[in-house]
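J.: Single-letter residue listing:
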Amino acid sequence: MTRRSLRWLLPVAALPVLALLAYGFRVNHRDIPSPLVDRPAAPFVLTSYAGEPMSLEAHRGRVVVVNFWASWCVPACYDEAPVLERNWRAYRERGVMVLGVDIQDTPEAARKFIDQFSLTFPNALDPTGKVSIDYGVYGVPETFFIDARGRIRAKHVGAVTDAIFRREVDRLLAERG
Amino acid sequence: MTPELGHGAVIVAGLLAVYGAVAAAVGGRTGRTALLESAQHAALGVFGLVTGALLLLAYAFLTFDFSLRYVATNTNLATPYYYRITAVWGALEGSIVLWAWMLALYTLIVILRHRHNARELYPWVLSVMLGVLAFFLLVMAVPAPPFERLSPVPANGRGLNPLLEDSGMITHPVALYLGFTGFTVPFAFAIAALATGRVGDRWITLTRRWTIVAWYFLSLGLLIGGWWSYHVLGWGGYWAWDPVENAAFMPWLTGTAFLHSVMIQERRRMLKLWNIGLVILTFSLTLFGTFLTRSGVIASVHAFTQGTIGAFFLAFLALVVLASLWLLAWRWEALAAEGELDSVISRESAFLLNNVLLIAATFTVFFGTVFPLLSEAVRGVKVSVGAPFFNQVNVPVFLGLLFLMGVGPLIAWRRASRDNLRRNFFWPVVVGVAAAALFFALGVRSTLAVLSLTLTVFVAATVAVDYVRATRARRRMGEALLPAMGGLLVRHNRRYGGFAIHLGILVIAVGVTGSQAWSVQREATVQRGEAVELAGYRFRFDGLAAREAGNHFFVESTFKVTNGRAVAYELRPGKKFYPQEQSPIAHVDYRLGFIDDLYLVLGDFARDGSQATVKVQVNRMVSWIWIGGLVLTLGTVLAVLPERKKPA
Amino acid sequence: MTRLLLLVFLVVAVPARAQPPATNVEDPRLYEVASQLRCVVCQNLSVADSPSEMAQQMRAIVRERLAAGDSPEQVVQYFVDKYGEWILLAPRRQGFNWLVWSAPLVAVAIGLVVFAVCVRRWTGRRRARVTAAPAAAIDPAMRERIRRELELEGDR
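Chains as they are written, first to last, in this note's numbering: chain A, 380 to 556; chain B, 7 to 654; chain C, 51 to 206.
Heads up, a few of these hints could be off.
[Claimed, not checked] Cβ pair distances, simulated, as ranges:
hint	chain 1	residue 1	chain 2	residue 2	range
1	A	Asp-458	B	Glu-539	46 to 52 Å
2	A	Asp-417	B	Val-384	46 to 52 Å
3	C	Ala-117	B	Pro-160	30 to 36 Å
4	B	Ser-44	A	Thr-540	40 to 46 Å
5	A	Thr-507	B	Ala-321	44 to 50 Å
6	C	Glu-194	B	Glu-126	40 to 46 Å
[To be verified] Mimicking DSS-like on lysine-lysine, the simulated pairs with C-alpha atoms at most 30 Å apart in a straight line are:
hint	chain 1	residue 1	chain 2	residue 2
7	A	Lys-509	B	Lys-582
8	A	Lys-491	B	Lys-582
9	C	Lys-132	B	Lys-388
10	B	Lys-566	A	Lys-509
11	C	Lys-132	A	Lys-534
[To be verified] One side of the interface only, derived from the structure: several residues of chain B facing chain C at Cβ under 7 Å:
hint	residue
12	Gly-240
13	Gly-243
14	Leu-358
15	Val-362
16	Phe-431
17	Val-435
18	Ala-592
Worth flagging that the hints you see were computed from the coordinates, not collected in a lab. By construction, the Cβ of each residue, glycine as well, lies at the ideal position given by its N, Cα and C atoms.
Based on the sequences and whatever the hints tell you, model everything.
T.: Put into structure tokens, the structure is as follows:
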């Protein structure tokens with residue numbers, strides 16, 4: 380390349396930077412891949428709003444769906460609550476457990492939320508945030524699908540839909556045999 | 007009615023701007039003054055229409071016109087009137103209106119100032135300014151219309167983001183945008199120089215004041231942003247290396263480099279290519295900044311993102327960068343002059359090193375800001391690049407710049423003789439070394455703090471040496487002391503304004519050093535009547551109180567502060583609960599001091615007021631940052647004063 | 051010259067790395083860990099700085115783990131295991147991340163090299179031009195006066 384044509388490198392050199400910025404449009408900042416997938420789920424014991432102990436270990440052998448929510452999480456948690464209740468009722472006889480963990484919330488607001496959607500699966504407050512940090516939760520709602528052997532197999536960020544719930548749970552149920 | 011009127015004004019203004027840009031360019035090319043004049047009229051029309059749009063928007067806010075989506079999203083019936091006015095630029099669409107208005111204002115001033123004194127360049131300058139304006143008006147017309155109708159009209163609006171309900175909100179965007187848009191003018195002149203081939207020094211001489219003023223407003227905007235972060239956001243810091251903060255910092259860095267390297271061009275007729283490149287880079291970085299804030303491409307606390315607007319900005323950024331660099335390549339020969347240097351020990355050298363360091367810092371900040379994106383693109387792994395990285399890597403560069411700030415103004419042009427070096431630097435070096443020993447003796451153990459403070463003393467000493475010597479020279483010629491001191495400032499206002507600006511930066515540097523090295527904090531949960539102790543202060547928790555306050559619910563705690571001496575006062579940090587926000591906003595309470603700032607943030611609390619968690623900070627030297635800003639302001643005023651003719 | 055500058059730069063850069071965290075705290079180990087972690091609900095603030103409830107809970111967990119005997123590195127690793135690398139406010143100095151950590155050094159190095167090359171070329175050119183044109187004969191007293199004037203002028 381002659382010295383004359385080297386100068387045209389300047390505009391050309393800007394192109395990769397612009398391309399990188401354009402790539403940024405495809406990135407979703409809230410969608411962070413979890414390192415916990417395919418790792419054992421951290422055990423926890425909390426006290427549910429019904430007054431009973433709620434433990435993950437107690438449900439070993441079943442497919443467990445752990446859902447992190449909060450009453451101030453508008454609108455996503457409000458959108459997915461009926462979905463979770465509906466699917467809980469459909470799958471509970473088939474060896475599936477749904478556990479709700481409420482984070483950074485007050486008991487009054489949480490009870491109001493539970494009553495609003497007539498939730499029948501156990502929900503407990505995580506008072507110190509330890510469980511949510513153990514699961515790498517960075518926002519609500521987040522849902523974890525745990526197989527019968529206690530390993531986290533999938534994490535979903537954002538409101539769960541019927542399709543997502545069924546897809547993940549059916550897959551794990553089929554594995555269980 | 008208002009939505010249609012406003013939207014119409016925007017569209018007409020946009021069309022006028024496009025017409026004006028084309029007419030000015032054609033008029034410049036062909037020499038047809040009639041076209042140029044009609045372009046001027048178009049520019050006037052644009053200014054009128056954009057002013058009208060801005061006023062219309064403000065009016066809509068003041069009268070609670072919720073038929074505008076923008077008004078309904080950013081205010082509600084409880085928002086006080088002064089925040090309703092500032093809400094005009096509080097979110098995306100309105101911020102573009104403000105930007106466009108400032109551009110239009112600057113275009114008007116350019117017309118008034120330069121239509122006669124920049125004959126050949128002027129048409130192209132006008133064309134570029136109107137072209138940039140046309141883009142922003144396009145954004146106002148298509149992806150981010152401020153006058154979009156909302157239907158059905160709601161009874162009440164959502165409300166202003168509570169973090170924006172603050173005096174900083176009134177001034178920070180205004181100052182920042184005045185800085186950003188201000189750099190459009192030197193850029194326009196540079197493009198005009200490239201387009202006409204008149205790449206000599208005329209465009210630099212004409213834009214000198216524009217550059218300083220734009221640089222100043224950018225500095226002011228950054229400082230106010232720091233102040234706002236400090237007293238509103240509740241973390242006790244003033245700079246987080248957030249991507250959007252970085253995006254405002256980068257043009258400041260290159261703008262500073264440009265300010266200095268043009269002095270070399272003025273003196274030695276060198277670096278023409280470099281200077282045009284620098285101003286193109288600076289303007290591109292301002293566009294990059296507005297792109298980052300509005301596109302959501304990199305996660306940031308500032309980002310007010312929406313839809314396709316990012317694509318618009320990226321496209322415009324690409325257009326500007328590629329077209330300018332193409333023009334630069336085209337005029338390469340005319341610009342690449344034969345540089346000459348007498349000696350490496352010279353002011354030219356110092357300024358060149360200044361540029362090297364500033365550009366290196368800019369590159370570092372840029373690369374760090376986009377690295378998360380790069381990492382994801384290449385590895386698929388998300389990483390974060392935040393304060394620990396930027397603080398570590400930038401410190402050496404900034405220390406180097408501090409040093410140069412002392413050397414540059416005093417070292418001779420061309421070749422600094424040994425005599426010159428001795429006369430100018432002997433005492434500053436001695437004083438500096440003595441200061442280092444003193445700091446060490448006083449117990450300062452942090453190497454960086456000692457280094458930073460020593461350099462500050464060194465630079466201050468160089469300023470003092472120069473001022474004292476020059477005053478003495480005038481006194482020897484018969485002038486009395488005060489007139490000599492004053493006369494110097496007036497007669498050589500560029501030089502002493504520059505010194506004062508440097509002193510302002512020094513004061514800021516001391517503030518930053520002190521706050522980083524000596525601030526302390528502590529978090530504790532206390533019962534009512536219990537106290538937290540920190541750095542000799544006692545903070546006793548005296549209880550909570552709750553009240554309704556306009557558009558929010560306020561829980562306020564009371565802390566009685568004593569410090570062993572007779573001083574006692576109360577601080578009331580609290581939490582504000584806004585109905586439209588999901589989580590409460592911390593209301594920090596603080597007491598500023600010359601050395602110590604006391605800073606309290608309320609955490610969790612028991613409903614009955616019996617206990618509370620509080621984070622206590624004793625931040626040191628932070629006030630020096632704001633004082634430095636004041637000195638910077640005075641220096642800038644001095645530097646831009648019209649120059650008195652030197653006596654024969 | 052360049053090497054000297056680079057050396058000076060490195061000398062300053064080394065202590066920059068070794069510095070203790072900016073804000074000293076009654077519990078320095080807590081601050082050391084918390085300032086490395088990114089508050090997950092804020093943007094760009096560290097867990098040490100953030101006033102949010104989540105950060106408060108995270109700080110409590112850090113305190114608990116340090117008290118239980120974990121080293122600061124272990125606590126940090128615990129969070130990385132749960133959240134991934136992005137929880138760290140500065141990327142680990144390994145592999146691909148060396149690109150961003152070396153960027154400043156490389157930038158300064160390239161800048162200094164360009165500076166040195168330009169200075170060489172420009173002083174050479176000046177010397178060549180000056181020696182090519184013979185100096186006119188000037189009276190030494192006049193020369194001395196010119197020199198002093200130039201210096202005074204050069205000081206401005």
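J.: For a C-alpha distance cap of 30 Å, please report whether Lys-132 (chain C) and Lys-388 (chain B) respect it.
T.: Distance ~14 Å between Lys-132 (chain C) and Lys-388 (chain B) Cα, so the pair holds.
J.: Would the hint on Val-435 (chain B) stand, with a C-beta cut-off of 7 Å toward chain C?
T.: violated (15 Å)
J.: Taking the Cβ atom of Asp-417 (chain A) and the Cβ atom of Val-384 (chain B), is their distance within the range 46 to 52 Å?
T.: violated (24 Å)
J.: Take the C-alpha atoms of Lys-491 (chain A) and Lys-582 (chain B), compute the straight-line distance between them, and say whether it is at most 30 Å.
T.: With Cα atoms ~23 Å apart, Lys-491 (chain A) and Lys-582 (chain B) stay inside 30 Å; holds.
J.: Has the hinted range 40 to 46 Å been met by the Cβ atoms of Ser-44 (chain B) and Thr-540 (chain A)?
T.: violated (59 Å)
J.: Does Lys-582 (chain B) sit within 30 Å of Lys-509 (chain A), going by the straight-line distance between their CA atoms?
T.: holds (26 Å)
J.: Is 46 to 52 Å right for how far apart the beta carbons of Asp-458 (chain A) and Glu-539 (chain B) are?
T.: The hinted range 46 to 52 Å holds for Asp-458 (chain A) and Glu-539 (chain B), with Cβ atoms some 48 Å apart.
J.: Restraint: Val-362 (chain B) near chain C, CB-CB cut 7 Å. Satisfied or not?
T.: Hint holds; Val-362 (chain B) Cβ to chain C Cβ min 4 Å, cut 7 Å.
J.: Let's test the interface hint: is any C-beta of chain C closer than 7 Å to that of Leu-358 (chain B)?
T.: Interface hint status for Leu-358 (chain B): holds (6 Å vs cutoff 7 Å).
J.: When the nearest CB of chain C is found for Gly-243 (chain B), is that gap smaller than 7 Å?
T.: holds (6 Å)
J.: Does the alpha-carbon distance linking Lys-132 (chain C) and Lys-534 (chain A) stay inside the 30 Å limit?
T.: With Cα atoms ~12 Å apart, Lys-132 (chain C) and Lys-534 (chain A) stay inside 30 Å; holds.
J.: Is the distance from the Cβ of Ala-117 (chain C) to the Cβ of Pro-160 (chain B) consistent with 30 to 36 Å?
T.: Because 52 Å falls outside the window, the suggested range is violated.
Of the hints listed earlier, those the structure fails to meet are numbers 2, 3, 4, 10, 16 and 17, in rising order.
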